[in-house]
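Could you build the full structure based on these sequences and the hints that come with them?
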Amino acid sequence: MINHPFSNEIYPNSPPLDSRSKEMRRLVIDALDGGGRGHLGSSMSLIEIIRVIYDDVAKHRSSEPMWEGRDRCILSKGHGCLALYAALACHNYFPREEMREFCHFPSRLGGHPERSKVPGVEASTGALGHGLSIGVGMALAARIRKRDNRVFVIMGDGEINEGSVWEAAMSASKHNLSHLTAIVDYNKIQSYGRTAEVLDLEPLLDKWRAFGFETVECDGHDVEALMKFLDAPLSESKPSMIIAHTVKGKGVAFAENDPEWHHKSRVPADQIAAMYAALAENS
Amino acid sequence: MRKTCLNMVYELAKQDERVVFVGSDLGPGVLEEMKQTMPDRYYMEGMSEQNIIGMAAGLAMEGYIPYVNTIATFITRRCFEQVAVDLCLHDLPVRLIGNGGGLVYAPLGPTHLATEDIAIMRSIPNMTIVSPSDADEMTRFMASALDWPHPIYIRLGKGGDPVVTGDQASFEIGKAVPLRAGTDIQILSSGVMSGRALAAAEMLIKKGVSAGVIHLPTIKPLDEGAVIAAAGSKMIVTLEEHFKMGGLGSAISEVLVDVNTMPELGILRIGLEDSFPLAYGSQDELMECFGLQPSAITEKINKTFQIRS
Chain A
1 MINHPFSNEI YPNSPPLDSR SKEMRRLVID ALDGGGRGHL GSSMSLIEII
51 RVIYDDVAKH RSSEPMWEGR DRCILSKGHG CLALYAALAC HNYFPREEMR
101 EFCHFPSRLG GHPERSKVPG VEASTGALGH GLSIGVGMAL AARIRKRDNR
151 VFVIMGDGEI NEGSVWEAAM SASKHNLSHL TAIVDYNKIQ SYGRTAEVLD
201 LEPLLDKWRA FGFETVECDG HDVEALMKFL DAPLSESKPS MIIAHTVKGK
251 GVAFAENDPE WHHKSRVPAD QIAAMYAALA ENS
Chain B
1001 MRKTCLNMVY ELAKQDERVV FVGSDLGPGV LEEMKQTMPD RYYMEGMSEQ
1051 NIIGMAAGLA MEGYIPYVNT IATFITRRCF EQVAVDLCLH DLPVRLIGNG
1101 GGLVYAPLGP THLATEDIAI MRSIPNMTIV SPSDADEMTR FMASALDWPH
1151 PIYIRLGKGG DPVVTGDQAS FEIGKAVPLR AGTDIQILSS GVMSGRALAA
1201 AEMLIKKGVS AGVIHLPTIK PLDEGAVIAA AGSKMIVTLE EHFKMGGLGS
1251 AISEVLVDVN TMPELGILRI GLEDSFPLAY GSQDELMECF GLQPSAITEK
1301 INKTFQIRS
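Heads up: the protein sequence lines correspond to chains A and B, in order.
With this note's numbering applied, the first sequence closes on residue 283, and no number is skipped along the way.
With this note's numbering applied, the second sequence closes on residue 1309, and no number is skipped along the way.
No wet-lab data here; the hints were simulated from the structure.
Misleading hints may appear alongside valid ones.
[Stated by the list, open to error] Derived DSS-like pairs (lysine-lysine); straight-line CA-CA distance at most 25 Å:
id, chain 1, residue 1, chain 2, residue 2
1, B, K1234, B, K1303
2, B, K1303, B, K1158
3, A, K146, B, K1035
4, B, K1035, A, K238
5, B, K1014, A, K146
6, A, K22, A, K264
7, A, K174, B, K1035
[As the list claims (entries may be wrong)] Covered stretches of chain B (chain A as the covering partner; in silico rule of three or more C-beta atoms under 8 Å from a C-beta of chain A):
id, region
8, 1039-1046
9, 1052-1058
10, 1082-1090
[Unchecked claim] Quick look at which bits of chain A chain B covers, simulated, 3 or more residues with Cβ under 8 Å:
id, region
11, 134-144
12, 273-281
Ideal placement from N, C-alpha and C gives every residue a C-beta, glycine not left out.
Below, the structure written as structure tokens:
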């Protein structure tokens, strides 16, 4: 079996994490600390993707989360919700202090995000392979109403093992949903181990291209690159797919590329301290 | 019933811009006029049930009322997680129109029968289940349910079934429809079985048993008041074209157990036994195999009533 290179091997000169990227990651660690559990690796890999969408690309209003003119962003890999919560907290959808209540009764911030509970969460996800279809429906609704809002759907690499994703891909392509932008957080590791070992996705870019998407790939931690590709649809006639090569656990060196950090159900205090320290060491 | 249901989708779409139609891979020409006159609200998406349900959820989140149509077993079993999570967890007004509820697709075999559809749909919070008995009732239901704010599973019969619901003025979700008065027993049924219940009640008269018939077109939420009132008779019979496990008879039994009320002679549940059918043929022939023809129903009710009396 051939394992594909990790993303830091593909992009050895990935730019260092800046203060915003570290700020959001600290919030993720806060939640892990307060909640005593969480999908660390899966959240850390998608921080820059979420960050660029919420900081730089999407139209949205925290004072009016259901504002009709907003761009929709669905985190289809719901287990990465700590990254989404961090972005929403940074944009004042709810107080940052709530991150520490993660997974506790009666907090609204659960281990998977829920639309009915958390302002700014567009769809309740967690069961994998649902988000792209919901995004297709939202993009069709925008078209019927002649609105120009965009729909972003972020999927995990393991998630796209699900056949439903490919049903949705055909549908998005059939309807030429150019306002739909899908992103794969391609960190190369799923729960059991390497994606290449569990159910290989390659050639991933070719697959999406064959399904009718305009495709690009980039360093998923390079804010400039993400801004460039997310700023506008990649095509005027096709849905867009951005394959973002990411590092599982990015920013916490000892957790990077380690499937043991996909999810933790117990995180001792010394590990929390080590995480904050490891994050600070990034430069 | 199916034709009436789909025609009503088009009628509703003409009246209300929120109505959209989503099919899988239905027969040629389905709702052709709707397709021609409102192409942006007509979708035929192929055999991708999981995607169809998610797509309908996305449309409903944006304020639309999608009517999704395919074969009943595929709209319930194939995409159960999407129905549970995308529709029911979000509590969205999506309508699932299931063709061929029960044994309708008898010639096509067990892969196409919907004989546990009610059991699985009933298990999900926020889901409403409707099983009309005839085309007239379907028309009343469709006209009344446009603004129902929850997901609905609509179980269709074969079509051409006799009209048994008479001159009801309107359809109210969650309300029982008494079809016949009786003093000894009450037969509680839904869908096309209500017609068979009436036929059985007529035969029972000749055997000296007075049977009432209460039609329950809404299986969830169930008309609990009507069920509890029926327990005042000597015996309740439940009749369904569905596995006995988890269907209408189960729902009625649960209501009575929860209020600790039981008719004097208990409950007799008549439905499909826990096995896949071993034969093909017509819906009627499979009904006969499972003892669901009026004569067999009559015999079973009479025998049980006499033994327990």
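Checklist entry - Taking each numbered hint in turn, which are not upheld by the structure, reported in ascending numerical order? => result Failing hints, ascending: 2, 12.
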